[in-house]
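With our numbering applied, the sequence shown has no gaps in its numbers, which climb one by one up to 97 at the end.
Mixed in with the good hints there might be a few duds.
[As the list claims (entries may be wrong)] Below, computed lysine-lysine pairings styled on DSSO-like, alpha-carbon distance capped at 30 Å: (1) Lys75 / Lys30; (2) Lys54 / Lys30; (3) Lys75 / Lys54.
[Stated by the list, open to error] Pairwise CB distance ranges (calculated): (4) Ala87 / Thr36: 26 to 34 Å; (5) Ala64 / Gly85: 21 to 29 Å; (6) Thr44 / Gly85: 32 to 40 Å; (7) Thr44 / Ser95: 27 to 35 Å; (8) Glu72 / Ser39: 27 to 35 Å; (9) Ala64 / Val86: 14 to 22 Å; (10) Leu79 / Pro47: 28 to 36 Å.
Derived from the structure by calculation, the hints contain no laboratory data. Being a predicted model, the structure only gives us computed values, none of them experimental. C-beta: ideal position from N, C-alpha, C; glycine also.
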Amino acid sequence: MNWFQLKANGDPTEPSDYSSTSSPSCAGTGKICAVNANPDANNHPELTEALKDEMLQSIQSGVARPNVRLRSTS
24 MNWFQLKANG DPTEPSDYSS TSSPSCAGTG KICAVNANPD ANNHPELTEA
74 LKDEMLQSIQ SGVARPNVRL RSTS
């Protein structure tokens, strides 16, 4: 699995809005910053249902999870 950071003002449910990164730089809570996922054929994250659930849980709780990092700004 690899880390993928969401582009500024990106749609967290759109795999092409992420860029591969070795270490995401995320600070804060409230919005998706990065996800840890398997890459697809285009080197974008595979957003499985389990990962989408984890993303929702992170946003609702305001707490990062093992495969999701949050930030305060878009």
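Hints violated by the structure (listed by number, smallest first)
4, 5, 6, 7, 8, 9 and 10
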